[in-house]
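Colleague: Protein chains in written order, with the working numbering: chain A, 191 to 372; chain B, 191 to 372.
Derived from the structure by calculation, the hints contain no laboratory data.
Here the structure is a predicted model, which is why all the values come from computation and not from measurement.
Among these hints, one or two may not hold up.
Said to hold, decoys possible - Which bits of chain A does chain B cover? Going by a derived footprint, with three or more residues having C-beta under 8 Å, they are: (1) 261–271; (2) 287–295.
Claimed, not checked - Only some residues are given here: those of chain A computed to face chain B with a beta carbon under 7 Å: (3) 203; (4) 215; (5) 218; (6) 222; (7) 225; (8) 299; (9) 355; (10) 357; (11) 361; (12) 363.
Idealized CB from N, CA, C, for every residue including glycine.
There are 2 protein chains.
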Amino acid sequence: MNFCSHCGNPVTSRIPDGDSRPRYICDHCGTIHYQNPRVVTGCLVTHGERVLLARRAINPRRGYWTLPAGFLENGETAAAGAARETLEEAGAEVGELELYTVFSLPHINQIYTFFRARLTGDRYSAGAESLDVQLVDEAGIPWDELAFPVITETLKCFFSDRAEGNFRTRSFDIIRPPPRTL
Amino acid sequence: MNFCSHCGNPVTSRIPDGDSRPRYICDHCGTIHYQNPRVVTGCLVTHGERVLLARRAINPRRGYWTLPAGFLENGETAAAGAARETLEEAGAEVGELELYTVFSLPHINQIYTFFRARLTGDRYSAGAESLDVQLVDEAGIPWDELAFPVITETLKCFFSDRAEGNFRTRSFDIIRPPPRTL
């Protein structure tokens with residue numbers, strides 16, 4: 191951030207009075223520009239014994255398999271955002287959403303929420319950000335070709351909970367060193 | 191948003207190619223400025239049979255009782271942010287955090303996460319944003335003087351689950367009409 195988005199003058203980075211962290215501050219109009227983590231929301235869609243996976247058409251991790259998910263928008267509930275992303279990326283309409291996993295990824299300033307959901311109807315198809323969409327059973331999960339740790343962890347929980355007949359909402363922290371810059 | 195925070199030129203609001211929502215776009219440097227919900231994170235702190243409430247020293251809802259909570263910062267897990275806010279607002283150190291309630295408040299573009307936590311040690315005191323901090327038992331909860339619906343709902347769940355001896359993570363949507371402007 192270099193300029194104030196309110197008045198267009200240059201900003202400086204310093205700790206405001208009564209705060210403990212540096213913020214971008216506009217000394218012209220006084221606006222303090224806070225920067226906060228973003229929420230990514232998605233669905234683990236089931237249809238009978240199978241779950242819906244999408245193969246990523248975009249980077250990062252193009253070609254790897256994922257659960258449909260994307261950034262929560264203003265004005266949306268986390269569940270509504272998860273259903274929207276599922277429709278956009280996997281062409282699938284879903285219902286009966288239940289919060290299932292919540293992840294903190296502080297190294298990339300993200301919170302993930304995944305909902306268990308049921309496919310309503312039997313249509314699904316690759317959206318613009320997907321190369322392919324498939325319903326796969328547990329034996330067909332491409333564990334070595336999953337896109338992100340949050341996907342692997344959510345699927346592991348799901349098959350474990352399903353075997354026990356008891357689904358419960360779970361929360362995880364995924365801690366990584368910050369990305370190195372040269 | 192009026193100006194590009196990257197290059198300082200004026201932005202316009204329109205739907206980018208391949209998108210479905212209007213965004214602030216800088217036609218000079220090409221930056222698309224996404225705006226997303228923020229996460230508020232806090233703790234329901236227990237000490238024996240009692241829970242820790244803080245009386246707000248700031249608006250909105252100055253004078254009303256709340257659970258310590260505030261905006262999640264970049265680089266933080268939701269649990270670490272909840273513990274930090276509890277220390278800042280209620281002078282209380284906590285441990286054994288477990289995700290308990292998750293709320294979507296789309297009318298104000300917020301996601302709330304509350305963690306059950308235990309007071310470690312027995313110190314607590316009002317921080318700069320609190321008028322008072324008290325450990326209260328169930329009979330002492332000021333139900334008519336709670337600051338926000340997310341506080342009321344989290345406390346109701348807690349006493350109900352405690353009576354049943356079974357805590358589980360829950361998710362809620364709080365739907366309100368958007369604020370009216372004159």
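Colleague: Each hint should be assessed against the structure and marked as holding or not.
Modeller: Against the structure, the hints:
Counting residues of the region 261–271 of chain A whose CB lies closer than 8 Å to any CB of chain B gives 10, so the stated coverage by that chain holds, three being the minimum. Proximity of the region 287–295 of chain A to chain B, defined as three or more residues with a beta carbon under 8 Å from a beta carbon of that chain, is established by the 4 residues found. Below 7 Å, beta-carbon pairs count as interface contacts, and residue 203 of chain A has none with chain B, the closest being about 12 Å; its hint is therefore violated. Nearest Cβ of chain B to the Cβ of residue 215 of chain A: about 13 Å, over the 7 Å cut. The hint is violated.
Using the Cβ-Cβ criterion of 7 Å, the hint placing residue 218 of chain A at the interface with chain B is not satisfied: the shortest such distance is roughly 11 Å. Hint status for residue 222 of chain A: violated, given a least beta-carbon distance of 12 Å to chain B, over 7 Å. Evaluation of the residue 225 of chain A hint against chain B yields a held restraint, the C-beta minimum of about 6 Å falling below 7 Å. Below 7 Å, beta-carbon pairs count as interface contacts, and residue 299 of chain A has one with chain B at about 5 Å; its hint therefore holds.
This hint is violated: residue 355 of chain A has a C-beta 15 Å from the nearest C-beta of chain B, more than the 7 Å allowed. The closest approach between the C-beta of residue 357 of chain A and any C-beta of chain B is roughly 10 Å, which is over the 7 Å cut-off, so the hint fails. Using the Cβ-Cβ criterion of 7 Å, the hint placing residue 361 of chain A at the interface with chain B is satisfied: the shortest such distance is roughly 4 Å. With its C-beta approaching chain B no nearer than about 5 Å, residue 363 of chain A sits inside the 7 Å limit, and its interface hint holds.
Hint violations for this structure: numbers 3, 4, 5, 6, 9 and 10, all remaining hints satisfied.
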